[in-house]
Amino acid sequence: MRFAELATTPLLPADYLDMVNPLRAGADLRGRIVAVHPETRDAATLVIRPGADWQPHVPGQWVRIGVDVDGVRMWRAYSLTSHLDRPDGCIAVTVKAIPDGKVSNHLVHRTRPGTLVHLDQATGEFVLPSPVPGKALFVTAGSGITPVMGILRNHTGLTDVVVVHSAPTADDVVFGAELRELAAAGRIRLVEQHTDTAGMLDAAAIADLVPDLAERATWACGPVGMLEALEEHWDAAGIADRLFTERFRPTVLVAGEGGTVTFTRTGTSLEADGATPILDAAEEAGVLMPSGCRMGICFGCVLPLREGAVRDLRNGEVTTAAPGDGVLVQTCISAAAGACDIDH
Amino acid sequence: MTVLQKKTDNPIEHLTPEDIELIGKELDDIRQSVIDTRGEDDARYIRKVIDVHRKIELGSRAVLLASGFAPAFVVGTIGLSVAKILENMEIGHNILHGQWDWMRDPKIHSTTWEWDMASPADQWKHSHNELHHTYTNVVGKDNDLGYGIMRVDEDQPWQPFHLGQPLWSFINACFFEYGIAAYDLELAGTIAKKRTGDPEFRARAKAVLRKIGKQVRKDYVIHPLLSGPNFLPTLAANFTANLVRNLWSNSVILCGHFPEGVETFEKKSIEGETRGEWYLRQMLGSANISGSKAMHILTGNLSHQIEHHLFPDLPSNRYAEIAPRIRDLFDRYGLNYHTAPLPQQVGSAWHKIIRLSLPNGWLELTNRRNLLPQLAVLYKMTTGSPKVRRTLQRKLTAGVRLSRAAAAA
Ligand SMILES: Cc1cc2nc3c(=O)[nH]c(=O)nc-3n(C[C@H](O)[C@H](O)[C@H](O)COP(=O)(O)OP(=O)(O)OC[C@H]3O[C@@H](n4cnc5c(N)ncnc54)[C@H](O)[C@@H]3O)c2cc1C
Ligand code: FES
Numbered sequence: 001m002r003f004a005e006l007a008t009t010p011l012l013p014a015d016y017l018d019m020v021n022p023l024r025a026g027a028d029l030r031g032r033i034v035a036v037h038p039e040t041r042d043a044a045t046l047v048i049r050p051g052a053d054w055q056p057h058v059p060g061q062w063v064r065i066g067v068d069v070d071g072v073r074m075w076r077a078y079s080l081t082s083h084l085d086r087p088d089g090c091i092a093v094t095v096k097a098i099p100d101g102k103v104s105n106h107l108v109h110r111t112r113p114g115t116l117v118h119l120d121q122a123t124g125e126f127v128l129p130s131p132v133p134g135k136a137l138f139v140t141a142g143s144g145i146t147p148v149m150g151i152l153r154n155h156t157g158l159t160d161v162v163v164v165h166s167a168p169t170a171d172d173v174v175f176g177a178e179l180r181e182l183a184a185a186g187r188i189r190l191v192e193q194h195t196d197t198a199g200m201l202d203a204a205a206i207a208d209l210v211p212d213l214a215e216r217a218t219w220a221c222g223p224v225g226m227l228e229a230l231e232e233h234w235d236a237a238g239i240a241d242r243l244f245t246e247r248f249r250p251t252v253l254v255a256g257e258g259g260t261v262t263f264t265r266t267g268t269s270l271e272a273d274g275a276t277p278i279l280d281a282a283e284e285a286g287v288l289m290p291s292g293c294r295m296g297i298c299f300g301c302v303l304p305l306r307e308g309a310v311r312d313l314r315n316g317e318v319t320t321a322a323p324g325d326g327v328l329v330q331t332c333i334s335a336a337a338g339a340c341d342i343d344h
Numbered sequence: 345m346t347v348l349q350k351k352t353d354n355p356i357e358h359l360t361p362e363d364i365e366l367i368g369k370e371l372d373d374i375r376q377s378v379i380d381t382r383g384e385d386d387a388r389y390i391r392k393v394i395d396v397h398r399k400i401e402l403g404s405r406a407v408l409l410a411s412g413f414a415p416a417f418v419v420g421t422i423g424l425s426v427a428k429i430l431e432n433m434e435i436g437h438n439i440l441h442g443q444w445d446w447m448r449d450p451k452i453h454s455t456t457w458e459w460d461m462a463s464p465a466d467q468w469k470h471s472h473n474e475l476h477h478t479y480t481n482v483v484g485k486d487n488d489l490g491y492g493i494m495r496v497d498e499d500q501p502w503q504p505f506h507l508g509q510p511l512w513s514f515i516n517a518c519f520f521e522y523g524i525a526a527y528d529l530e531l532a533g534t535i536a537k538k539r540t541g542d543p544e545f546r547a548r549a550k551a552v553l554r555k556i557g558k559q560v561r562k563d564y565v566i567h568p569l570l571s572g573p574n575f576l577p578t579l580a581a582n583f584t585a586n587l588v589r590n591l592w593s594n595s596v597i598l599c600g601h602f603p604e605g606v607e608t609f610e611k612k613s614i615e616g617e618t619r620g621e622w623y624l625r626q627m628l629g630s631a632n633i634s635g636s637k638a639m640h641i642l643t644g645n646l647s648h649q650i651e652h653h654l655f656p657d658l659p660s661n662r663y664a665e666i667a668p669r670i671r672d673l674f675d676r677y678g679l680n681y682h683t684a685p686l687p688q689q690v691g692s693a694w695h696k697i698i699r700l701s702l703p704n705g706w707l708e709l710t711n712r713r714n715l716l717p718q719l720a721v722l723y724k725m726t727t728g729s730p731k732v733r734r735t736l737q738r739k740l741t742a743g744v745r746l747s748r749a750a751a752a753a
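Here the protein sequences come in this chain order: Z and L. If you read the first sequence in the working numbering, its first letter stands for residue 1, the second for the next number, and so on. If you read the second sequence in the working numbering, its first letter stands for residue 345, the second for the next number, and so on.
Since the hints were derived computationally from the structure, they do not count as laboratory data. Note that this is a predicted model, so its numbers are computed, not measured. A portion of the hints provided could be inaccurate.
Stated by the list, open to error - Taking beta-carbon pairs under 10 Å as the criterion, some of the chain L residues facing chain Z (in silico): (1) GLY383; (2) LYS399; (3) ARG448; (4) ASP449; (5) THR456; (6) ILE566.
As the list claims (entries may be wrong) - Taking beta-carbon pairs under 7 Å as the criterion, some of the chain L residues facing chain Z (in silico): (7) THR455; (8) GLU458; (9) LYS558.
Positions of the beta carbon are idealized from the N, C-alpha and C atoms, including for glycine.
With the sequences and hints as input, model every part of the structure.
Structure below.
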């Protein structure tokens, strides 16, 4: 290999091997989309053949996918929904297009089989313990059903399961047919809430629907408002330790003044407002940034703040660094709060 | 050539400050229109060029394994030359300009790219992107004007050693990549200032040597060795390909700023320069090469030097598209859009190198009939004292004035 490097410099042997087999062992982790199955009018499942180095995931986990949208590489996190024992070794994610969403619309409406995407290994804590709980409750809404579907499909040993799912209409329920079949077969008890006609479910209503709620371990995934309401309710009932949640986006609370962000190593300077995460502002300016979940949970975006101040968009907390410091900040949920120098 | 500010027929005299700012505004709009439409097609273009380059390179190197067989030698050498030209010009130069950073592809990004060239990417980026593109054609600031080894302007006093300028310009062209490496390293200046002991300079020098070491080992050791019995022909093929690439890139770069008629600027003139004025300097300080699509690609679209200098970070494949709009702007404001075919621009650039290697006016006054007395003048200027030189120069200058007046009459 060392010899091959001498022959290919300044390129790497991998650059040539990638031309032939981008999914080989040892390559950067990638995947090829082999099929796109529409689920609802605005959701689709992407079946992806991952590269040889892909490590099997734990149901409920998510994977980061990098896809070129209008020529620009964008990374987003998606929960894995596939069966672990697929004979073809493929994985699947299910994406719901959100209004004006750049990546989700591209994946749902414009992606064709054959497309090469970039991947990271699966990660995430939204998984069942072992042994699996005797009684489980899943509360989901919209695309929040995805990690739960990943769990239901793979944990056939779960016997006492209640699924409470909200979607605008019956047709908008992602995996609607499969959930109803599971219910008909007696594997789960399914409560569908069609919010266009029946309105939103609040936490108290869920408690009414599921009387033995306190006996159940609960996993919830959906809009921030729903999760916060659940957390409050479970907290009040003294069973907060039995509730596990997964968020798809951060709760942005506060914004303030922005400032000039300088990347000391690449030499790029940019003006960022107080509401835009430094990660987004920097990418927009063409800086290559490390990133992960893009919502403050994985720490894949952390960089040292050498000088200046940033504000955590989730709670308004301001972090400052004196010259020479290297305070680690998450760029995906931090906005400039004045001039700041970032070591990158 | 005389810096624009000292010309009697200043080509921008007719422009008001408002005109210049309007030009700037129009150019900003053209730039934005390209940025707004950058997308998938552009990304596909650069990936395609990279893919083609790699295939040509691999193919040529494979053919050269049999370089002892003459046709293989010829085909392999041509292929490798083309590959190296593509790699340096349309790919390396433009990626290192950040033209493709917007794609956010870490494999095609100005901060991660390294090229098949003696000069390490980061040093080149500093001297090229930051210095040359900022101080384009400002005498005394833009070292690309003559790379510090040439007399590029009539206002620089002529010295006898300038007679050698055509020769070392040619040697520089043959070993252009090393010339660039030394230049990016600011080698000459650092030696002159006796600063070669600076740790910062040493670190950079080490990086250059390491890079050159890798390049030389690849082209002149590893690939020849892989060819087994064909060691020497493969070595010759690699040498030739590097030579061809060097001559080619040197020619393209000469064409960009050196043909007769391209303006240079005084140091003072850029103090407090507005955005409009900066644009104007780029417009007048660059020259294009006209030609086919293949020719544009092989020059790395530096054949659109004017467009490139106006918008160094726009994707190169878009220069051709905006060229008519830029040309129209030149026309509307009565400016000279300098463009000509390659042989003409190269000829013009070399003519200037030769003219300026001689005292001002000497070439213009010399013809077949007065060759001998003119050579005697040149001999005296070369061997005489500075005083003799000044006296004879005054005579030459007066002679030029007379002959021009006679021609006008
Ligand atoms: C751990 C994790 C797992 C995820 N799993 C899935 C999954 O399985 N399926 C899935 O479809 N998505 C999932 N997401 C969300 C996904 O990563 C993207 O955020 C989503 O697809 C939107 O990206 P976009 O580029 O289309 O929108 P953007 O162009 O980034 O955003 C457009 C607009 O929509 C808003 N917005 C962003 N995200 C959401 C959202 N989730 N709901 C409503 N509005 C939003 C933005 O604030 C913005 O105003 C997951 C996210 C995380 C962090
Ligand atoms: S990208 Fe995951 S914490 Fe910032």
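Structure-based check of all given hints:
Taken as an interface hint, GLY383(L) checks out: its beta carbon lies about 4 Å from the nearest beta carbon of chain Z, inside 10 Å. With its C-beta approaching chain Z no nearer than about 8 Å, LYS399(L) sits inside the 10 Å limit, and its interface hint holds. Given hint, ARG448(L) at the interface with chain Z, holds; its Cβ is 4 Å from that chain's nearest Cβ, closer than 10 Å. Checking ASP449(L) against chain Z: minimum C-beta separation of about 5 Å stays under 10 Å; hint holds.
At a threshold of 10 Å, the smallest CB-CB gap from THR456(L) to chain Z is about 7 Å, leaving the interface hint in force. For ILE566(L), the interface hint holds, since its Cβ comes within 10 Å of a Cβ in chain Z; the closest pair sits about 5 Å apart. The closest approach between the C-beta of THR455(L) and any C-beta of chain Z is roughly 6 Å, which is under the 7 Å cut-off, so the hint is satisfied. Evaluation of the GLU458(L) hint against chain Z yields a held restraint, the C-beta minimum of about 4 Å falling below 7 Å.
Hint status for LYS558(L): holds, given a least beta-carbon distance of 5 Å to chain Z, under 7 Å.
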